[in-house]
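Enquirer: Residues per chain are reported as follows:
There are 2 protein chains.
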Amino acid sequence: MYGYFGSMKTRPGHREEVVAVLLRASEQVKAAGCHLYVVGVADEDDQTIWVHEVWDSKEHHDASLQNPETRAAIGAAMPLLTGEFTSQEFSVVGGLGVP
Amino acid sequence: MYGYFGSMKTRPGHREEVVAVLLRASEQVKAAGCHLYVVGVADEDDQTIWVHEVWDSKEHHDASLQNPETRAAIGAAMPLLTGEFTSQEFSVVGGLGVP
Numbered sequence: 001m002y003g004y005f006g007s008m009k010t011r012p013g014h015r016e017e018v019v020a021v022l023l024r025a026s027e028q029v030k031a032a033g034c035h036l037y038v039v040g041v042a043d044e045d046d047q048t049i050w051v052h053e054v055w056d057s058k059e060h061h062d063a064s065l066q067n068p069e070t071r072a073a074i075g076a077a078m079p080l081l082t083g084e085f086t087s088q089e090f091s092v093v094g095g096l097g098v099p
Numbered sequence: 001m002y003g004y005f006g007s008m009k010t011r012p013g014h015r016e017e018v019v020a021v022l023l024r025a026s027e028q029v030k031a032a033g034c035h036l037y038v039v040g041v042a043d044e045d046d047q048t049i050w051v052h053e054v055w056d057s058k059e060h061h062d063a064s065l066q067n068p069e070t071r072a073a074i075g076a077a078m079p080l081l082t083g084e085f086t087s088q089e090f091s092v093v094g095g096l097g098v099p
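First to last, the sequence lines map onto chains F and V. For what it's worth, the UniProt record's numbering labels the leading residue of the first sequence as 1, then goes sequentially. For what it's worth, the UniProt record's numbering labels the leading residue of the second sequence as 1, then goes sequentially.
Among the hints, a few may not be true.
Identical chains blur together in the list; that is why a pair holds if it fits in one copy or across any two.
Here are the simulated DMTMM-like pairs of lysine to aspartate or glutamate, each with C-alpha atoms no more than 25 Å apart in a straight line [what the hints assert, rightly or not]: (1) K30 <-> D56; (2) K30 <-> E44; (3) K9 <-> E89; (4) K58 <-> E16; (5) K9 <-> D46; (6) K30 <-> D45; (7) K30 <-> D46; (8) K58 <-> D45; (9) K9 <-> E27; (10) K58 <-> D46.
Calculated from the structure, these hints are not laboratory results.
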């Protein structure tokens, strides 16, 4: 399985709005091969959002980016972001909460 | 909820052994307030392990470190690690796979 952990930074005052977009998106990705889509926020500032995802494969993840719902979510979030991202990919072996 | 994402580096040739220790540990943390304990490995090298955890609270996480089973797992893994760690804490808001 494919694992992804990354962050995005929102423009001041827009973090809650982007979190809401991501939470709505997380309800739609299961059918596309997503097992975990965890949304979190940094405690040190009020602009950073952390996301952790586990997918059947990187191909499933990449293909999902073409879904109309996902494209709409990205379109809604992008204007609210500063453009600063971090990302870390890895191979999921197992554990609690992993199918 | 409390989120943690971190890495550890194993001594050459010992990654599978440490992964096995972590997977066994992941079976025992649920009762201590852990919801997700995802174990992964880096694709870029054969020494790095990634762990993502979601707990009811940081207090639940910290208290779990005193459990005899957890202390035994840490004791088993430590000699196999180089001592290089990374860690990122955050507050989990929700998402797929989060209770």
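Enquirer: Now, for every hint given, state plainly whether the structure supports it.
Expert: These are the hints, each one checked on the structure:
Taking the shortest alpha-carbon separations for K30 and D56, both the intra-copy value of 10 Å and the inter-copy value of 23 Å come in at or below 25 Å. Taking identical chains as interchangeable, the C-alpha atoms of K30 and E44 are never at most 25 Å apart, the minima being 31 Å within one chain and 28 Å between chains. With identical chains, the CA atoms of K9 and E89 are at most 25 Å apart both within one copy (19 Å) and between copies (16 Å). Taking the shortest Cα distances, K58 and E16 sit within 25 Å of each other only across copies (22 Å), while inside one copy they are farther apart (28 Å).
For the homomeric pair K9 and D46, the shortest alpha-carbon distance inside one copy (9 Å) is at most 25 Å, but the shortest distance between copies (31 Å) is not. Proximity of K30 to D45 under the C-alpha cut-off of 25 Å is found in neither arrangement, the shortest distances being 30 Å within a copy and 30 Å between copies. Within a single copy, K30 and D46 get their C-alpha atoms no closer than 28 Å, and across copies no closer than 30 Å, so neither meets the 25 Å cut-off. Taking identical chains as interchangeable, the C-alpha atoms of K58 and D45 lie at most 25 Å apart only when they sit on different chains, with a minimum of 18 Å there against 30 Å within one chain.
In this assembly of identical chains, K9 and E27 lie within 25 Å of each other by CA distance solely inside one copy; the values are 22 Å within and 34 Å between copies. Taking the shortest Cα distances, K58 and D46 sit within 25 Å of each other only across copies (19 Å), while inside one copy they are farther apart (30 Å).
Hint check: violations occur at hints 2, 6 and 7; the rest are consistent with the structure.
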